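**Q** So you can see what is in the structure, the chains are spelled out below.
There are 2 protein chains.
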Amino acid sequence: MKKYAYGIDVGGTTVKCGLFETDGTFVKGWEIPTVKDNGGAQILPDIAAAIKGSMAEEGISADDVEGVGIGVPGPVTESGVVNGCVNLGWGVYDVKTALSGLLDGAKVEVGNDANVAALGEMWRGGGKGYRNVVMVTLGTGVGGGIILGGKILHGAHGAGGEIGHITVNRNETLACGCGKKGCLEQYASATGIARKAREVLATPKAEGSSLLKVENVDAKAVFDAAKTGDKTALAIVDFFGRTLGQAVATITAVVDPDVIVVGGGVSKAGQILLDAVVKYYTPNAFNACKETPFKLAVLGNNAGMYGAVKMVLD
Amino acid sequence: MKKYAYGIDVGGTTVKCGLFETDGTFVKGWEIPTVKDNGGAQILPDIAAAIKGSMAEEGISADDVEGVGIGVPGPVTESGVVNGCVNLGWGVYDVKTALSGLLDGAKVEVGNDANVAALGEMWRGGGKGYRNVVMVTLGTGVGGGIILGGKILHGAHGAGGEIGHITVNRNETLACGCGKKGCLEQYASATGIARKAREVLATPKAEGSSLLKVENVDAKAVFDAAKTGDKTALAIVDFFGRTLGQAVATITAVVDPDVIVVGGGVSKAGQILLDAVVKYYTPNAFNACKETPFKLAVLGNNAGMYGAVKMVLD
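Protein chains in written order, with the numbering used here: chain A, 10 to 323; chain B, 10 to 323.
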């Protein structure tokens with residue numbers, strides 16, 4: 010094993026770049042802008058230039074670099090082909106071959122950003138010590154990543170772990186971003202929690218809630234109020250916990266992981282969030298999976314860089 | 010690769026034994042009774058004796074046998090430890106080590122019977138040519154098996170692919186065999202279809218249905234009547250298709266397989282069954298998975314023996 014590897018996490022606005030030692034030590038991180046002009050044609054050349062610049066700056070030769078891992082916000086097949094990234098302007102794109110070509114044949118591994126973050130949390134985060142991990146990322150949307158035997162479950166169409174789009178409510182009238190109605194993402198994301206809060210706060214049940222005094226109630230405000238014992242906020246958290254807990258019970262009956270890691274901005278609410286989920290997970294889980302532990306993610310926005318590095322080490 | 014391998018499928022009444030060539034040719038099959046006395050202590054010695062008897066009869070030496078694969082009706086971990094088989098009287102039991110010991114150190118691989126059948130269908134059946142398969146087995150219950158990258162997804166607690174116990178109806182009042190309420194198995198199994206038929210036939214809506222003349226309506230009678238255009242039977246089939254189609258859409262958003270194989274006694278209904286499932290699968294599936302094909306299983310009760318052999322070849 011060579012001494013260094015690079016982990017790259019491509020987002021819609023910035024690309025996070027990390028230099029790591031292959032023992033998992035995070036040496037240095039920096040960001041470059043994501044240039045989406047011309048169908049995102051500049052993104053990989055910019056990344057290649059950033060890596061070459063770092064190597065020159067640090068005095069690292071190509072012989073010292075094990076490889077470059079990269080996570081992208083779209084479906085990725087096992088062979089490293091991206092099946093369209095709307096956010097970046099990419100269509101079907103063989104990122105593995107293209108980036109390797111820009112880096113003089115360096116080893117490149119590519120994964121979906123949520124899957125790669127799950128791998129990072131398994132390697133150095135909330136799933137450390139486990140080989141079979143389901144990660145649920147609660148942000149603007151709901152992302153998911155499944156790691157089995159230490160490897161990403163990419164899926165036949167790059168859609169492995171797309172758990173935000175499990176249908177959980179067949180009576181929903183509003184469409185999800187994916188076009189279906191009633192997806193988990195519509196209830197368990199920051200956006201979904203805020204929507205539910207607005208609905209509840211417009212009813213007489215919310216009388217006396219501290220949330221009525223908050224302008225633009227978001228998920229954080231809901232969890233903060235719940236921690237003070239606000240009954241309306243607690244009811245919204247309970248609804249969230251029921252929806253996500255039941256969905257995770259379905260997921261564990263399918264893949265039976267060692268651990269469930271919950272990450273993303275919403276997970277910063279901490280133990281109150283896990284408690285709400287576990288309350289409904291346990292009675293809905295298949296017997297053999299009832300005791301499967303829930304853990305909070307710990308790497309935050311760096312999980313993608315860690316996971317990207319881990320891909321090239323395997 | 011040696012010339013022969015044995016595939017064993019342990020059921021609650023009989024043990025199916027198969028001698029195969031390692032190229033997949035089925036040479037000879039036979040059955041022995043499953044002796045469940047004394048906590049099933051005799052089952053593995055009986056199997057070992059059956060294999061040794063076959064080897065003597067066929068003039069096969071130990072040097073010609075690649076190994077023995079065995080499927081059992083209970084959860085099995087990746088290391089071949091069975092976590093209790095109520096049907097056989099077994100508790101936690103290291104079947105891999107025990108059977109290998111009885112066979113002079115032969116290579117033994119162990120799997121859950123539904124998972125092993127899925128592997129068999131991938132190797133030589135409805136999933137031939139694919140490496141990522143979800144198999145749904147519709148029998149007295151609903152079994153499932155998931156094959157990823159050509160390997161069984163055992164799961165951390167041997168519960169990988171336990172899709173019969175996904176909760177699909179949160180308003181169910183009757184308990185499933187597993188203790189939960191509203192499991193897929195309660196609606197999509199032969200038992201579940203017959204129960205739904207009894208409910209529907211007791212209502213005025215069923216007036217004029219040919220099923221009213223059938224004593225002890227079972228799943229086969231329902232599908233047979235549906236094929237003649239019986240409206241009541243078609244409605245029962247539609248309910249079945251909706252329940253299973255929605256559930257499979259959830260499963261594919263989690264593991265994104267190449268193909269879904271439907272087997273078990275109920276699947277003998279054929280294309281009408283697949284059509285009913287696909288009708289509800291497609292609108293409920295995540296975009297990338299909408300075109301995932303459904304296939305009928307083809308190996309019938311032999312799938313377990315085929316899959317057991319495949320385990321030892323990998």
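Rather than coming from a laboratory, the hints here were simulated on the basis of the structure. Being a predicted model, the structure only gives us computed values, none of them experimental. Check before you lean on any hint, since a few could be wrong.
Because identical chains share one entry, a pair is satisfied inside a single copy or across any pair of copies.
Stated by the list, open to error - The list that follows gives simulated cross-link-like pairs (lysine-lysine, DSS-like), each with its CA atoms no further than 25 Å apart:
hint	residue 1	residue 2
1	K160	K222
2	K229	K116
3	K11	K229
4	K190	K299
5	K288	K222
6	K11	K61
7	K61	K222
**Q** Now look at each hint and say whether the structure bears it out.
**A** To see whether the hints hold, each was checked on the structure:
1. K160 - K222: Answer is neither: 47 Å inside a copy and 55 Å across each miss the 25 Å cutoff.
2. K229 - K116: neither (41 Å within a copy, 55 Å between copies)
3. K11 - K229: neither (43 Å within a copy, 62 Å between copies)
4. K190 - K299: between (29 Å within a copy, 15 Å between copies)
5. K288 - K222: neither (29 Å within a copy, 48 Å between copies)
6. K11 - K61: within (17 Å within a copy, 50 Å between copies)
7. K61 - K222: neither (52 Å within a copy, 79 Å between copies)
In the structure shown, a violation is registered for the earlier hints numbered 1, 2, 3, 5 and 7, in ascending order.
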